[in-house]
Amino acid sequence: MADKLRTQQQLEALQNKYIGTGHADTTKHEWTTNIARDSYASYQGHPPLLHYMSIGMGQGMERTRMKCMEGMVLPCGPAPATEE
Amino acid sequence: MSNVQQTQAFYSLTLEAPSAITAVVTCNSIPGLKNQDQQIFEARGQRIYLHRIIENEDRTEVSLSTVCEQNVFGIIRGVTSFRIPGTATDQLVIASDSGRVAMVNYDAEKKQFKRVHLETFGKSGVRRTVPGQYLASDPRGRCCMLASAEKNKVVYIVNRNSEAEIVISSPHEANSWANLCFGICALDTGWEHPVFAALEVDYNDAENDPTGEMYSRREKLLVYYTVDLGLNHVVKSWSDTVDYSANMLFGVPGGQDGPSGVLVCCEDRIYYRHDKTAPLCIPIPRRKGSTEDPNRKRIIVAGCLHLSKARHEFFFLLQTEDGDVFKLTMEMSEEAKAQPERMVVKYYDTFPVAKQMLLIRKGYIYVAAENGNSKIYHVNDLADDPEVEPHNTFKSDDVSPDPTETYKPTYFTPRHLNFTSLAVDIPSLHPLMRTHVANPANEDAPQIYAIQGTGNRSVFKTIRHGLEIQEIVNTALGDFPCDNLWSLKHRSSDEYHSYLLISSVHGGKTIVLSIGDEVETIDDTSFLTKWPTVTAAQMGDDTLVQVHARGVHSILGSGAVNAWPSPANRTITAASANDRQLLLGLSSAELAFFFMGDDGVLNQLEDMPEMSGKITALSVGQTPKGQQQAKYAVVGCDDCTIRVLSIELDSPLEARSVQALSAVPTSIEVVEMVEPGSSGTVVSYVHIGLESGLYLRAIIDEVTGELGEVRTKFLGARPTRLFPVSISASQQQGILACSTKPWLGYNHPGSSIYTLTPLVAATMEAARPFNSEHLDGLCAIQGGNLLIFGIPKVDGRLSASEVALQYTPRAMTRNPWNSMWYVAQSDGNTLSQATKDDLRAKAGDAVPAEEFAELEKHIGLSRSTGHWASCIQAIDPVEAKAATSTIELADNEAALCCEVIPFASREWEVYLAVGTGQHMMPGVAPTAATEAPKGFVHIYKLTESGRQMELMHKTAFASPVYALHPFQGRLALGVGPELFVYDLGM
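Line by line, the protein sequences are chains H and E. With our numbering, letter number 24 in the first sequence gets 24, and the count goes up by one each step, no holes. With our numbering, letter number 797 in the second sequence gets 1797, and the count goes up by one each step, no holes.
Source of the hints: derived by calculation from the structure; they are not laboratory data. A virtual CB, placed ideally from N, CA and C, is assigned to each residue, including glycine. Treat each hint with caution, since some may be false.
[Stated by the list, open to error] Derived PhoX-like pairs (lysine-lysine); straight-line CA-CA distance at most 20 Å:
hint, chain 1, residue 1, chain 2, residue 2
1, H, K67, E, K1741
2, H, K67, E, K1297
3, E, K1408, E, K1297
4, E, K1123, E, K1151
5, E, K1123, H, K17
6, E, K1530, E, K1509
7, E, K1362, E, K1408
8, E, K1941, E, K1954
9, E, K1151, H, K17
10, E, K1288, E, K1395
11, E, K1034, E, K1309
12, E, K1395, E, K1297
[Unchecked claim] Sample of chain H residues facing chain E (criterion: CB under 10 Å; computed from the structure):
hint, residue
13, Y18
14, K28
15, Q44
16, P48
17, G77
[Said to hold, decoys possible] Chain H residues, not near chain E, derived (Cβ > 12 Å throughout):
hint, residue
18, A2
19, K4
20, L5
21, Q8
22, G22
23, D25
24, R37
25, D38
Produce the entire structure from the sequences given, and follow the hints as far as they go.
What follows is the structure, given as structure tokens:
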């Protein structure tokens, strides 16, 4: 039983350290939100990709970057209400 | 399966490194330079560069030269530089995708970057929680912070130890869960504990509230992180809400220089915030004009600070997304020096939209452009005088610093450059939309056709492999082809050339020109004009020597003429001279050698050794500096050999070595050049041009006269002829090799490797150096023409010619029958020409259309959300070098793709098909209220051999058309998820 508890603690530590580490009860909302945030962060972190998207949208790179940042706040809407 | 190739290999070669700038910063990295002489540390794609601005005394010639460049094989996301107290040069810090912080120095001796520290803090890769997205450094050089888009921040404290080594601390983390970082900057706190400011949004509450109520109440915080140097940790020391649209922070000078704190740049407003002082706010002025939307809000995209530490004065230059640059100053209250009372914003100038903008202390502004060429502007005036343009000056007096309060927007009128002037235009290729390799003009090598740029700074480029030449004079000499020319000084001590001799074997004569203010023919001359010349040279102090087939004609300084007739029944076939030595090759395969005494008289060596075959080319080396005679001559014969002979007086014409060649040598030049990669060691090179069009280069061993290190290159189908020239752009000796096109051989100024690059010019018969009072360049024979030209730059190897376009190019296609190209162009969120004309007419705009267009070229197109400006142009890059036809689209339609389609039903006549979209909203999710975008395909008939386009038909589709292709004499097109094949009706 102690082993199981430790595994559980380790997993929690891991989830705390690395955002996006899944668990058995990951919901669809958690998963999609996580993927969307990862994607938005990646768009900003690859300057040529951000440049490409800015030209497509007809705006400056800084505005596109802000849109990506803003998109990270709540990319897939609020979490659905959990049934008690 | 037997015909499947098992080992297929592809090799990629980068012709031009990326020119799009990711991050750039000023620094003082080269030891020994003045503090004013700042360098530019820049990241472009995978490469880091160190640039310097080079100027002449009166600043009429300014250029940007690259001191050092290096590939880092990683994605660079940010750079910064800071001076650690007690060190001589700036530390450069690179944030990349490696999960490590890299500190580098510039090593001036080795001319390369030197790694000082490389500390790991996270996983590699661009990840949302691994720092690297943001980078800021303390202005006093004590620490730097790296932050990620979400959660993590890490601070490194740096120090100098007693051995003058840079010591870096272990990472100090300042992480907060569910926290997004929109930007960071370092505060200037003087010598108190360093503080970093961050713009943060906490999404935890918003995410866990299913009603969406918390999301609508989300806030953006300005957070201060104090680095406690005593306790060695980082603490969150202050936070306050700011305008939710905030996107960028700038640290305001502190300590003795100013109030400290930050500028928080938001949409339409700039705030000053600090934990110790009252906030201030000022709106970002909007553009005034009949075609400008008065409600459009701008954000700040770039900015720089100027701080005069001596006078404790500072100002910011901030650029909006339109490219307008504002000068922001702060006025302090009378009683408390550290209490800012007012912010003043003054419209400065409009530059291309920058990724980053740098103010260089020498008085330049470096604009690292987001799209197109980066530019350096010379600062003529800092706009300090309040009397100048008071209508463009705005104050923060009546503006509430509360983001929820309303305010009155301010307006200014954009104009041409006023306080600055363009100093350097740095060529670039970004953003590159499409390229196509073709050879419609039937040149030696195909060209790369490219569409590049955005908005009205877009261009259609023809890129060629080669150096550009700057043609200064091009005149016809007569109706006979000339084949060689010589530029001569009158005396050896002269600085400039005085005579130009042009020889024509076909015309059987020599033309003598004098070089002065103008280049004109002299009729009355001591030179022989009735025969073609074999060679001509200025020898000794003031003797001019002209060699023709029948003898040697020398004109002494006194005006007396000496003539040496060639021996009976023998003619001179080849000749070469330097300051003192003259070597002739006779038709009998004999060599005649002369040495010039101090009296200017040529003394012949009695011995006339016979070569193994007819002499086709020979060369004596240049006289080395401070010596009387060159050591070796090289003689080439028609039995495909070259021989190295000693020509020193104590062992004249003794054979040293023989080299066999693959073809008959047509031209030989012995040139002394600096050995590449050495620190100025001069080596004798023999350059050999062969009848087969090959070019060879070998080193002559100084002691034995043996030839070694032979390099070969095929230049073209014509026999190669060589001419030693001096290259003014890099101040060194080079060689011009003329085959089907001229090639220039030189030591590359950047890599210092011997490089052979073609010139973008027609075939040259011969070329020589040309120095006059007004020009330091080259002269050449092109058929029957005399060409005088310069080579402005030798550091690139591609050169481009441009045709300006109207809007951002999206697609291009070539007419298969001629050299016409068609370019589909469209700009989102931009007013179309028709709308602008309408608005101008309605507002009664008195500015003439041409003047308006010229200003628009400078300040950019008028923008408005949801509008599209679009056109289709026919471009002739070969003959007209301009657009021959332009069709503007209206009704919010945007051209997206174009293709030239041969229709089988029209006997394979080609038509231009253009796919368009209407009412498109890029980046905006469609709602019920917005109209769904539609699409069209336009068919244009091409007339006047493709120069004009005539609309034949327009077919509507349910969604925008992004792809067109010819398919078996019909048109294949993609509409949404469907593929159609269409034929031309009627």
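Evaluation of the provided hints:
1. In summary, the hint linking H/K67 to E/K1741 is not supported, as the alpha carbons are separated by about 52 Å, beyond the 20 Å threshold.
2. For the given pair, H/K67 sits about 15 Å from E/K1297 by alpha-carbon distance, which is consistent with the 20 Å threshold.
3. Our distance criterion of 20 Å between C-alpha atoms is met by E/K1408 and E/K1297, whose separation comes to about 13 Å.
4. The hinted pair formed by E/K1123 and E/K1151 meets the criterion: a straight-line CA distance of about 15 Å does not exceed 20 Å.
5. In summary, the hint linking E/K1123 to H/K17 is supported, as the alpha carbons are separated by about 12 Å, within the 20 Å threshold.
6. Distance restraint check for E/K1530 and E/K1509: the Cα-Cα separation of roughly 5 Å lies within the 20 Å cut-off, and the hinted pair is therefore satisfied.
7. Between E/K1362 and E/K1408 the CA atoms are separated by roughly 38 Å; this puts the pair beyond 20 Å, and the hint is violated.
8. Restraint check for E/K1941 and E/K1954: satisfied, since their Cα atoms lie roughly 12 Å apart, inside the 20 Å limit.
9. For a cut-off of 20 Å, the pair hint linking E/K1151 to H/K17 stands: about 10 Å separates their Cα positions.
10. With a C-alpha separation of about 18 Å, the suggested pair E/K1288 and E/K1395 falls inside the 20 Å cut-off, and the hint holds.
11. As the CA atoms of E/K1034 and E/K1309 are separated by approximately 16 Å, the hinted pair is consistent with the 20 Å bound.
12. For a cut-off of 20 Å, the pair hint linking E/K1395 to E/K1297 stands: about 18 Å separates their Cα positions.
13. A cut of 10 Å between beta carbons decides the hint on H/Y18: the least distance to chain E is about 7 Å, and the hint holds.
14. Because the beta carbon of H/K28 sits about 14 Å from the nearest beta carbon in chain E, more than 10 Å, this interface hint is broken.
15. Taking 10 Å as the C-beta cut-off, the interface hint given for H/Q44 holds, the closest approach to chain E being about 6 Å.
16. Taken as an interface hint, H/P48 checks out: its beta carbon lies about 7 Å from the nearest beta carbon of chain E, inside 10 Å.
17. Residue-level restraint check for H/G77 holds (minimum Cβ-Cβ distance to chain E is 7 Å; threshold 10 Å).
18. Distance check for H/A2 against chain E: the nearest CB is about 28 Å away, which clears 12 Å, and the non-interface claim stands.
19. Once the 12 Å rule is applied to beta carbons, H/K4 is consistent with being away from chain E; the minimum gap is 26 Å.
20. Against the 12 Å criterion, H/L5 stays outside the reach of chain E, whose nearest CB is about 23 Å from its own CB.
21. Taking the minimum C-beta to C-beta distance to chain E, about 19 Å, the non-interface status of H/Q8 holds against the 12 Å cut.
22. The Cβ of H/G22 sits about 15 Å from the closest Cβ of chain E, beyond the 12 Å cut-off, so the non-interface label holds.
23. Under the 12 Å C-beta cut-off, the non-interface status given to H/D25 relative to chain E holds; the minimum distance is some 16 Å.
24. The claim that H/R37 lies off the interface is violated: its Cβ sits roughly 6 Å from the closest Cβ of chain E, which falls inside the 12 Å cut-off.
25. At the 12 Å boundary, the C-beta of H/D38 falls inside the reach of chain E, the nearest C-beta of that chain being 6 Å off.
When held up to the earlier numbered hints, the structure conflicts with 1, 7, 14, 24, 25 and fits the remainder.
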